[in-house]
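Enquirer: As a plain string of letters, each chain reads:
2 protein chains.
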Amino acid sequence: MSTRSLGIDIGGTQLRAALVDPHGRVLSRDRRPTPADDPGLLVRTLLEVIRSAWERTGERVPVGVGIAGLVTVDGTVRYGPNIGIRDLPLATLLGEELDAEVVVANDASVAALGEQRAGAGVDHADLVLVTIGTGVGGGVVIGGRLLTGATGFGGELGHVIVNEGGRPCPCGNRGCVEAYASGSAIGALARDRLVDPMTMSRLRGLGRVAGPEVTAAAQDGDEVAIEVLEEVGHWLGVALASMVNVLDPELILLGGGAAAAAAPWMLEPARRTMTQRLVGSAWREAPDITLAVLGDDAGVVGAGLLALGAATVGGSGTA
Amino acid sequence: MSTRSLGIDIGGTQLRAALVDPHGRVLSRDRRPTPADDPGLLVRTLLEVIRSAWERTGERVPVGVGIAGLVTVDGTVRYGPNIGIRDLPLATLLGEELDAEVVVANDASVAALGEQRAGAGVDHADLVLVTIGTGVGGGVVIGGRLLTGATGFGGELGHVIVNEGGRPCPCGNRGCVEAYASGSAIGALARDRLVDPMTMSRLRGLGRVAGPEVTAAAQDGDEVAIEVLEEVGHWLGVALASMVNVLDPELILLGGGAAAAAAPWMLEPARRTMTQRLVGSAWREAPDITLAVLGDDAGVVGAGLLALGAATVGGSGTA
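Protein chains in written order, with the working numbering: chain A, 1 to 319; chain B, 1 to 319.
Bear in mind the hints are in silico, worked out from the structure with no lab data behind them. Given the structure is predicted, the values throughout are model-derived calculations rather than measurements. In this text, a Cβ means the ideal position worked out from N, Cα and C, and glycines have one as well. A hint or two may mislead.
[To be verified] Label pairs and their computed distance ranges (CB to CB):
no., chain 1, residue 1, chain 2, residue 2, range
1, A, D37, B, G309, 47 to 55 Å
2, B, T92, A, E55, 29 to 37 Å
3, B, G309, A, R32, 17 to 25 Å
4, A, V122, B, Q14, 43 to 51 Å
5, A, P81, B, E268, 26 to 34 Å
6, B, G165, A, P168, 38 to 46 Å
7, A, E268, B, R174, 16 to 24 Å
[To be verified] A few chain B residues that face chain A, going by a derived Cβ cut-off under 8 Å, partial list only:
no., residue
8, D126
9, V140
10, V238
11, L247
12, R272
13, W283
Using the sequences provided together with the hints, build the complete structure.
Expert: Take a look at the structure:
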């Protein structure tokens, strides 16, 4: 059994790799642009990254991959819109080429495992990670193991419905929390408020109003921007209440760039709304909501730890 | 290790007990009225039921208890409104009196385990049971084990929020699925429609319009009743979509009297709405939604199997 493993995190723009130890410490890194819309090149790039790591370590260390998209329990990427791939049996292709088992899972899910094993969630066996970037993703760890679900699509926390029939979501439905609490949604909610010509805000007249502009304006004390981020926190709290009523985790982590930027205004409303809506709120302590700490390393660390085995539950990971 | 166990299910009116084998088959039964609003009498009744079973079997078989209410992972009933108890350390009290370990959990959760081990869910390691009676309860089985959550309040599926700010729920919040899809909600939704004097329905003029009257009228072809049950199915589907996006179970079971009665009109809209709202609905099969089969036995069977051990995940049941 190797004492190290290689974790790879394939995002829409960057492909990161890291050699990690069993405690989730990063020993070395590799990074390249993600080849988009070219599954063949993606696979060749991955093979190169893996073989180069094996050469450097002098050992065929186990490999785990997290990728942005819907990934089945047998490691097929059914749909990865950011990377432009569809129905790519990534685990099988890599496994055959390398003659080694490669585990492949959703990027936000492996990030949840990374945070639980080596980040903000150590000492907590049951946690939820909600990642807030352009979209909203997530992962669920139960009893120290990653919930993959029966098909592998478990932990799609961005599509918990908070307001049936409400704002349109990129997934094609309406009212998902991603439509209210993503970086894109922050921009959209702010632009909606500016439609009223009586709304006074520093955001008015900016060429572009997206998440970063809103948090920057909030930093400057802009009331419209602050109200938007509080509203985002409220909707996030609604989704978290549903998640906690189902899963009852010890801890909720928020990851992703937009979460960190919006936290000063978003976190307290999220806590308040969630706590009010929990079953038996008078007879329980609500789980803490806190920021993830591993940043861009969460994915590679989680993917590396996943490769060390016995880390999933549900589907093929069934006990 | 005993090959039999005693399962007890404490509901608002009935206290049922059954001796079960490891396959969840019921070997014998006992039943009495639940002593309400009297924790002391409840405990004495339970001791009597257990000792009598031990005498009959000539063996101190393991004991599991499911009870309607919020139950912590250490078996304290924090709040059991139907039985009129609060902060009753039931597992500890029974354990000390009997000098034996007694496991205590939520009634709908143990019913989920019962259905998974010996009912409609055999051959499925990952399932969700939603029970629809006066209220909406539920239980989650992952990898063949019952999800208790960190505090024990996991699987409170009736309080998944489907419509933030919507109909008032008995829990004190608004917009929970229990406010749209319980037996009580069926009656309330029908009464709302009758407020319009132009609404033609057989329900008009009945002294009482509750769940059973609505399903009876639907049976007679009453369009208003049918529309109400379809609406209930729609809202149930919204909640199921959120649950599936989080948990990705193989199977969804509906239990409880109201579910069985309303199924002919409710099930198809629930399936349709849920399927539409799943992440990646084009790239996956939606889990089946089907009726539970154990009826009133689900609780005693699940409680009995829970007593045979190693059946929970999350909280103290952590792997």
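Enquirer: Look at each hint and say if it fits the structure.
Expert: Results of checking the hints against the structure:
D37 of chain A and G309 of chain B have their C-beta atoms about 52 Å apart, which keeps the hinted 47 to 55 Å range intact. Between T92 of chain B and E55 of chain A the beta carbon distance is about 59 Å. The supplied range of 29 to 37 Å is therefore violated. Between G309 of chain B and R32 of chain A the CB atoms are about 49 Å apart, so this pair departs from the stated range of 17 to 25 Å. The hint said 43 to 51 Å for the Cβ distance between V122 of chain A and Q14 of chain B, and at roughly 45 Å that hint holds.
Checked against the hint of 26 to 34 Å, the pair P81 of chain A and E268 of chain B passes, with Cβ atoms roughly 31 Å apart. For the pair G165 of chain B and P168 of chain A, the beta carbons lie near 19 Å from each other, so the given range of 38 to 46 Å is not met. Taking 16 to 24 Å as the suggested C-beta distance range, the pair E268 of chain A and R174 of chain B conforms, at roughly 21 Å. Annotation: D126 of chain B was flagged as interfacial toward chain A, and the flag holds, the nearest CB pair being 5 Å apart, inside 8 Å.
Nearest Cβ of chain A to the Cβ of V140 of chain B: about 7 Å, under the 8 Å cut. The hint holds. Below 8 Å, beta-carbon pairs count as interface contacts, and V238 of chain B has one with chain A at about 5 Å; its hint therefore holds. A hinted interface residue such as L247 of chain B counts as satisfied when its beta carbon comes closer than 8 Å to some beta carbon of chain A; here the least separation is about 6 Å, so the hint holds. Hint status for R272 of chain B: violated, given a least beta-carbon distance of 13 Å to chain A, over 8 Å.
Taking 8 Å as the C-beta cut-off, the interface hint given for W283 of chain B holds, the closest approach to chain A being about 4 Å.
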